[in-house]
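Undergrad: Sequences and hints are given; from them, build the entire structure.
Note that the protein sequences, when read in sequence, are chains A and B. Start counting at 1 in the first sequence, then tack on 2, and there's your number in our numbering. Start counting at 1 in the second sequence, then tack on 2, and there's your number in our numbering.
Calculated from the structure, these hints are not laboratory results. Do not rely on the hints blindly, as some may be mistaken.
One copy or any two copies: either way a pair holds, since identical chains are not told apart in the list.
[Claimed, not checked] Calculated pairs, SDA-like style, for lysine to any residue (alpha carbon to alpha carbon, straight line, at most 25 Å): (1) K67 / T180; (2) K400 / V578; (3) K274 / T209; (4) K67 / Y355; (5) K400 / E492; (6) K625 / T477.
Number of protein chains: 2
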Amino acid sequence: MNQDYIQPDNWSIIEEGFDADRVKSSESLFSIGNGAMGQRANFEEQYTGPTFQGSYIAGVYYPDKTRVGWWKNGYPEYFAKVLNAPNWIGINVVINGEQLDLNTCVAITNFRRELNMKEGWLSRTFTATLQNKLEVEVKTTRFLSLDLDEVGAINYQVTPLNGDATIKFQPYLDSGITNEDTNWDDQFWDTLKVTTENDKAFIEAKTMKTGFHTCTFMQASVYLENKKQEQNPEVYQQENAITFTYSLSVAKGQTASVVKFGGYTVDRNHDKTELVSAAKTALLTASEKGFAQLLEAQKQAWDAIWKMSDITIDGDVKAQQGIRFNIFQLNQTYLGKDSSLNIGPKGFTGEKYGGSTYWDTEAYCIPFYMATKDQNVARNLLKYRYNHLEKAIENAEKLGFKNGAALYPMVTMNGEECHNEWEITFEEIHRNGAIAFAIFNYYRYTGDYSYIPEMGLEVLIGIARFWQQRATFSTDKNQYVILGVTGPNEYENNINNNFYTNYLAKWCIDYALDNIEKVKEGHHDDYLRITGKTKITHEELHAWQKVADNMYFPYSEKHQVYLQQDGFLDKELITVADLPKVDRPINQKWSWDRILRSPYIKQADVLQGFYFFEDQFSTEELKRHFDFYEPFTVHESSLSPCVHSIQAAKLDQMDQAYTFYLRTSRLDLDDYNKEVEEGLHITSMAGTWMSIVEGYGGMRIKNDMLNFEPRIPKEWDAYSFKVNFRDQILKVNVSQSETTFELEGNTDLNIIVNNNPLTISPNNLVKA
Amino acid sequence: MNQDYIQPDNWSIIEEGFDADRVKSSESLFSIGNGAMGQRANFEEQYTGPTFQGSYIAGVYYPDKTRVGWWKNGYPEYFAKVLNAPNWIGINVVINGEQLDLNTCVAITNFRRELNMKEGWLSRTFTATLQNKLEVEVKTTRFLSLDLDEVGAINYQVTPLNGDATIKFQPYLDSGITNEDTNWDDQFWDTLKVTTENDKAFIEAKTMKTGFHTCTFMQASVYLENKKQEQNPEVYQQENAITFTYSLSVAKGQTASVVKFGGYTVDRNHDKTELVSAAKTALLTASEKGFAQLLEAQKQAWDAIWKMSDITIDGDVKAQQGIRFNIFQLNQTYLGKDSSLNIGPKGFTGEKYGGSTYWDTEAYCIPFYMATKDQNVARNLLKYRYNHLEKAIENAEKLGFKNGAALYPMVTMNGEECHNEWEITFEEIHRNGAIAFAIFNYYRYTGDYSYIPEMGLEVLIGIARFWQQRATFSTDKNQYVILGVTGPNEYENNINNNFYTNYLAKWCIDYALDNIEKVKEGHHDDYLRITGKTKITHEELHAWQKVADNMYFPYSEKHQVYLQQDGFLDKELITVADLPKVDRPINQKWSWDRILRSPYIKQADVLQGFYFFEDQFSTEELKRHFDFYEPFTVHESSLSPCVHSIQAAKLDQMDQAYTFYLRTSRLDLDDYNKEVEEGLHITSMAGTWMSIVEGYGGMRIKNDMLNFEPRIPKEWDAYSFKVNFRDQILKVNVSQSETTFELEGNTDLNIIVNNNPLTISPNNLVKA
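TA: See the structure below:
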């Protein structure tokens, strides 16, 4: 834990007292988003202290020219940067001629920030003493509407406390913004047109290279003592900015306020010639409803989300706050409405990593979205990859594969690869397996087979082709080997026979073969369409089968464990516990070659395989592998502790499970990795959810049925979660003494609890 | 072979006919240098066609900020760029108001370029028809003086053929130059002062960041029919340039000419406040001698070089031209006068690769310089590394090594690492072994042990410490392994137990231990000084010994060969002969991961070990390994064919030896790698020399004696070479019928020829 200033609270993230050193951290933690856009918790008024400004539009990115590895072939030409979009939140506040600026005030008292997760809004209150001695109380409330997802709203209130004041509110738009993450200090936005219409302003701009057209817009109105002041603003127009100035004479104790609506219309959703008119429509809707009504709708929308996805924890406020923060941020990032969007690793909270889609989506996020949303959301995430199949085939072709073999990108915005380290881009091919696994997982959970004949089978065929071509027959071993890969443990590069990768490759081929048979039998029209399109032959399927049946897995007879890769036992096997503290985290302390030849595991690798394919191993095998690999795991990826937490719970090593749980659930709130300023770890938040539901709750799907093996950490009194299982919502309550089930639905649900069958009838509390 | 426009000639490189498409290629091939500076064969007069301008000063570089791999620790912050220096050769020629420019002329006839290697000068003649219809004959001669190594000289002659002409000669200096190779388009030079004094001009400039101060200077005088014209030039001074204009009225058939002396003084050799006065001194010396006398001195200086280093080949002009081109370029690049300089991979012919020092120097160049120069030259090259020992220790510390372990950089200008790919910078550690081997090789050849107690032993200790710390004890193998390396074959990255590296590591430790004993016995004062300084303990030496005695070498019982690395036999072993032509060169056609998992070998790797340590293996073993690895070797490094040529000759596979020889000797002249425009492959030229002397001549040093096993390709009538062995010069003549030896010296020399002892007396032709 590297910070603990966030106040424990069941439903809110709260900061009390102003500290300039915490501004960037809080800008990340108090981020707000609505799936279509999002932003860091930057101040509306001028702030001249250190800050990381960020406002992001889903699906809008910049292909930053890359230089890494240009002397090797097959690299992408660019790295897709998450793009800081024009600022619409800005409101300069000039009080008796002095700019309100928390960096230059004489004193700040009663500073309080709250991110209300229950209702989906951010507020800030403080009392500032200006250099001109005037004391003012400020209160701001801001949210990004879930209902009108192009619109955000701000209510900014100022009350002079010790004298009268002339207050100028200067709401503005600014497209002269920059990115922190840029290779060449390129400009990312080209401002096309700045226009106004009464109390509204519009900046049309397009992104360089990608040419995304956007209109950033605002409308403002000012109030004195809640009474609207009809005032034509003074307009100051610049090349990349437009500012309205409203001037109010405010008596001591009176409250002046500005209500600002703003946001973006984008040519992803509108014709680019109609962005301004779409903006006007959005503003009209917003202003007709008004701030209060929009906020009320926001509360209701969040209420609906929580109804399906809340997890409660009794007796541990920090754990409660942690899990809700994770669920809240996931919902702010992705709501599943648009199958061309995905879940970026930093969501709308920072620029780092670039790209929007990693294997995180399939390996970590889909279970969360399947269980807490309508199943269409997960289907949309699968469809996203189906829509990128052609590009995955092209990507594989660039690397020398043929005949429709598909290699999905490591990082992408639009289906093209945009990562650029050979050891990752070219060799971290296990991602392809996670994409197939997600199809299996979706069907296992939802029972919706229709996705496979409609779309999934083509993806499975492309992936199976890749694995068959990627495997090499070793005459020395008389088996198929997979050479030169990077597994989920990125602290190994260019290794041979990564157990996880080999296992997944074999599984993918077997699963594709199974489904070709199934579709042939059950969906013959689709079968004919797909075989016609993919030109699958018997010889090819036979070649697949040969690879799957003769795959090599490195194994140690001595330790009775599968080896992470060939040669793992040649390493100096000193456990993490014996590693001096000064050497941690090794990714900050050691050179890369030293990390590579060490036994240290960045994130679950063999164990990730045991997590995916738990059914295929005995609990004894799991225990042996967990006990072998856990001591070498440094968890320097945010995606690691959750898998270990789930497996520790399964093995009834509850203290360990709880340690890992804390690390994943409050990773950002307590800033375990000393980097929260850069943004939040969005995708690993889904792993936190899994730690509770799959770890403590022991939820699994077996034979089309929900299975539970509930456990509870000794630190908690009780916890509950809800899962949407095939259109019925099951609420599971686990206390130290008992587990109860409640079903919101209309048909009996047969489940298995601790290996015993149990039937839950709708709206009937059942004790297990 | 990708080009064949160079005219075959025993002593010159000749191009006939002007072709704009060949300009950049010829700029490389006709490069001139004198060890202190060098330049591409750019035209003196304006040329508006495609050109790659380059003039380089030894030891002057720019630390270009690097971006590769910034997310991993231990990387250098910059990549040292070879720096294009201010232009001093420029002479604009305006004839009847029209700029002479081969790109805009109406016609060019009789174009001929000659690089005379025997005498060390470059000339160019042509007849140009200008747009104004005037026909002029132009003849230029240029050289960089070996005697006055800060000075170059140009004689530029113009004869109007079909009418009178007003000819303006505009010799200039220009420091507003740029680099082709730059990461960020930074400016590399800061011009400080532009001054003139009569017919002389000076630009003082310093390099950005490194702050090398230089004075670029010129002096010009004009002639009509060889008669000096006393004329004060018109001076045009700019911020980064200065131009003199001389105007001559030239009658049809008369020859007007300008003689220009120019060059650089550098604060590597002078106090930075005295660069202009040093330039004046240089110009005074040059102008007192005059162009003709300087040229005569140039011929004599080259004559002296050839006396010691020439190789003759009878009956094969192209082979003769090739080997002389190689010897000539090596001498243009490095003459061994300055132990702070080294042999850059492109010498003074281009910018590519950056840095000046690679393991090429120790592995390839030292044998050439030992045998063709005074032994101090090789000693200076060794001393260069001794002077960098502290930096090599710092470099190792950055990577986590301690206690004086030294890792020499992969690429350097000043002892600091400046390469930036982890798989090379951090893992291509075999370079450290070549540096120790060069010490052994120097002593073996020269018999000068004094270097070891004076300097070499400290280097050997630092290197042995590195290897002992870098090895890992594998409990699984019960031996020491070396994990995560890149061998000489850079088409494998992060491999375990590269045979070459492991073998070299063991050898280095053994050799260091031997020499500690030897110095202890024979140079006790040095021993006390060195052990005091290095704090070597018995325990430490014991730890070294354990590693050396228990080193693991991967071996295949089936093939009876050492394996290049663990797992080599898992690859799909398709020979290069069976690889489709369209896939070659694989480094241009395949993605990096595909190259890595293929069996293809970029350059000799196991065989490089057999080359270094030939005595430690039987000829049968060599044959087995050669036959196993050669078929997988693609020779996509210029350093590869020479080793294979030497070994093929040793194995009496003369056709193969000849094929490899041709490839190495005319690599640039025939542009085998389609990249000669970027500059020449200087360091591999030493490998060409080795192919003849060690390959065909079979020269080895055994027991302090020269050994020969001469062979001759059937394509040649005869060949000869000279070697300076311990201050006597032995000339070896090999014809199809016999081998003869002649000694320039004063003591009998006992040699071994085909295993028979032979005594050569001075100045007596001996037939073997």
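Undergrad: None of the hints should be skipped; say for each whether it holds.
TA: Here is what the structure says about each hint:
1. Within a single copy, K67 and T180 get their C-alpha atoms as close as 16 Å, and across copies as close as 22 Å, so both meet the 25 Å cut-off.
2. Proximity of K400 and V578 under a CA criterion of 25 Å is satisfied inter-copy only: 22 Å between copies versus 40 Å inside one chain copy.
3. With identical chains, the CA atoms of K274 and T209 are at most 25 Å apart within one copy only, with a shortest distance of 13 Å there and 50 Å across copies.
4. Taking the closest pair of Cα atoms, K67 and Y355 come within 25 Å of each other both inside a single copy (15 Å) and across two copies (22 Å).
5. Taking identical chains as interchangeable, the C-alpha atoms of K400 and E492 lie at most 25 Å apart whether they share a chain (23 Å) or sit on different chains (22 Å).
6. Proximity of K625 to T477 under the C-alpha cut-off of 25 Å is restricted to the inter-copy arrangement: shortest distance 23 Å between copies versus 34 Å within a copy.
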